[in-house]
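Asks: Going down the list, the sequences are from chains F and A.
With positions in the first sequence counted from 1, the corresponding number in my numbering is that position plus 727.
With positions in the second sequence counted from 1, the corresponding number in my numbering is that position plus 592.
Rather than coming from a laboratory, the hints here were simulated on the basis of the structure.
There may be inaccurate statements among the hints.
Below are the SDA-like pairs computed for lysine to any residue, each with C-alpha atoms no more than 20 Å apart in a straight line [said to hold, decoys possible]:
| id | chain 1 | residue 1 | chain 2 | residue 2 |
| --- | --- | --- | --- | --- |
| 1 | F | Lys827 | A | Asn615 |
| 2 | F | Lys884 | A | Val623 |
| 3 | F | Lys884 | A | Ile614 |
One side only, chain F facing chain A, incomplete, derived with CB under 7 Å [said to hold, decoys possible]:
| id | residue |
| --- | --- |
| 4 | Thr742 |
| 5 | Asn744 |
| 6 | Tyr841 |
| 7 | Ser842 |
| 8 | Tyr854 |
| 9 | Asn868 |
| 10 | Thr872 |
| 11 | Thr875 |
| 12 | Ser880 |
| 13 | Asn883 |
Given the structure is predicted, the values throughout are model-derived calculations rather than measurements.
No residue lacks a Cβ here, since even glycine has one placed at the ideal position from N, Cα and C.
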Amino acid sequence: MALASSGTLSIGGSTANRSINLELGRSATATSSLGESALRTLAGVSSGAISISDFYGASSSLDTQTVTSAISGTYGSSFYFQGYRSGVHGSISDGTCNFKAGATIINLYSSHVYSTDRVFFELTGNYTNSGFTTMSFNGNNYARTSATYSYQSGSNKTQWYWTDPTGGNPFGHTSGTLAVTVTWT
Amino acid sequence: MITYTTKEDNGVTLAVFTSNDINFEVPIYGVEEDNIQQHLQNTIDDTLEIIERGY
Chain F
728 MALASSGTLS
738 IGGSTANRSI
748 NLELGRSATA
758 TSSLGESALR
768 TLAGVSSGAI
778 SISDFYGASS
788 SLDTQTVTSA
798 ISGTYGSSFY
808 FQGYRSGVHG
818 SISDGTCNFK
828 AGATIINLYS
838 SHVYSTDRVF
848 FELTGNYTNS
858 GFTTMSFNGN
868 NYARTSATYS
878 YQSGSNKTQW
888 YWTDPTGGNP
898 FGHTSGTLAV
908 TVTWT
Chain A
593 MITYTTKEDN
603 GVTLAVFTSN
613 DINFEVPIYG
623 VEEDNIQQHL
633 QNTIDDTLEI
643 IERGY
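Build the full structure now, drawing on both the sequences and the hints.
Replies: Next comes the structure, spelled out in structure tokens:
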């Protein structure tokens, strides 16, 4: 989530779009200073004077997508899916991956198959296992280095998948659709 | 026997290998040396099953 583009910002604090610490993934009460490299990077001020106003609209995210998550199958049954699968269920906006040269996000979904729950992030094309550190949504973080990564030449698809930490409801709904913000840092 | 190389990625060791025309990178931290082959084979099997089923 980007910091607010006007009004009060602070280094600390617990309001998501007004706390520089939170934007950086730090605790609300972490000790940070404006001259730190991480804060300068966030503000886009590499050297010289820096002020709180430099942080208006700043975002630590590499990309933010809105997944309109839908459910395929019946939630709670042996097989069901949440999120977005191209041509199957749900939708995504804008669906292009900024940190992979505008690659198409073909799928971003979870699967529940008997007792196995997974979360998938898939791009069309052949992309290296790099470019982001963490994918996050609904309060859960998916570290890239914890994923099983593969490039599948048969379908020309790059895939990362993780064990679903929620045990079957990572998108946070059991029926209908829900808009979920997904960020990559 | 699955032949693999390793690489370090942000402090994590990944096994890098190709199987069934699929290029894999699989974290192997925390996996006992004696269990790595089975771990990689399980990953291949899981991925092939995902591909076969379409999810």
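Asks: Each of the hints needs a verdict: does it hold here or not?
Replies: Each hint tested on the structure:
Under the criterion of a C-alpha separation no larger than 20 Å, the hint pairing lysine 827(F) with asparagine 615(A) is consistent with the structure, at around 18 Å. Between lysine 884(F) and valine 623(A) the alpha-carbon distance is near 27 Å, which puts this suggested pair outside the 20 Å criterion. Distance hint between lysine 884(F) and isoleucine 614(A) is fulfilled; the C-alpha atoms sit about 10 Å from each other, no more than 20 Å. The interface hint given for threonine 742(F) is broken, as the beta carbon of that residue sits about 30 Å from the closest beta carbon of chain A, more than 7 Å.
Contact between asparagine 744(F) and chain A, as hinted, is not supported at the beta carbon level, the nearest pair being about 28 Å apart and thus beyond 7 Å. Taken as an interface hint, tyrosine 841(F) does not check out: its beta carbon lies about 12 Å from the nearest beta carbon of chain A, beyond 7 Å. Below 7 Å, beta-carbon pairs count as interface contacts, and serine 842(F) has none with chain A, the closest being about 13 Å; its hint is therefore violated. The criterion of a C-beta within 7 Å of any C-beta in chain A is not met by tyrosine 854(F), whose closest approach is roughly 11 Å, and the hint is violated.
The interface hint given for asparagine 868(F) is broken, as the beta carbon of that residue sits about 14 Å from the closest beta carbon of chain A, more than 7 Å. Of the supplied interface hints, the one on threonine 872(F) holds, with its beta-carbon coming within about 4 Å of a beta-carbon of chain A, less than 7 Å. For threonine 875(F), the interface hint holds, since its Cβ comes within 7 Å of a Cβ in chain A; the closest pair sits about 6 Å apart. Taken as an interface hint, serine 880(F) checks out: its beta carbon lies about 5 Å from the nearest beta carbon of chain A, inside 7 Å.
Given hint, asparagine 883(F) at the interface with chain A, is violated; its Cβ is 11 Å from that chain's nearest Cβ, farther than 7 Å.
When held up to the earlier numbered hints, the structure conflicts with 2, 4, 5, 6, 7, 8, 9, 13 and fits the remainder.
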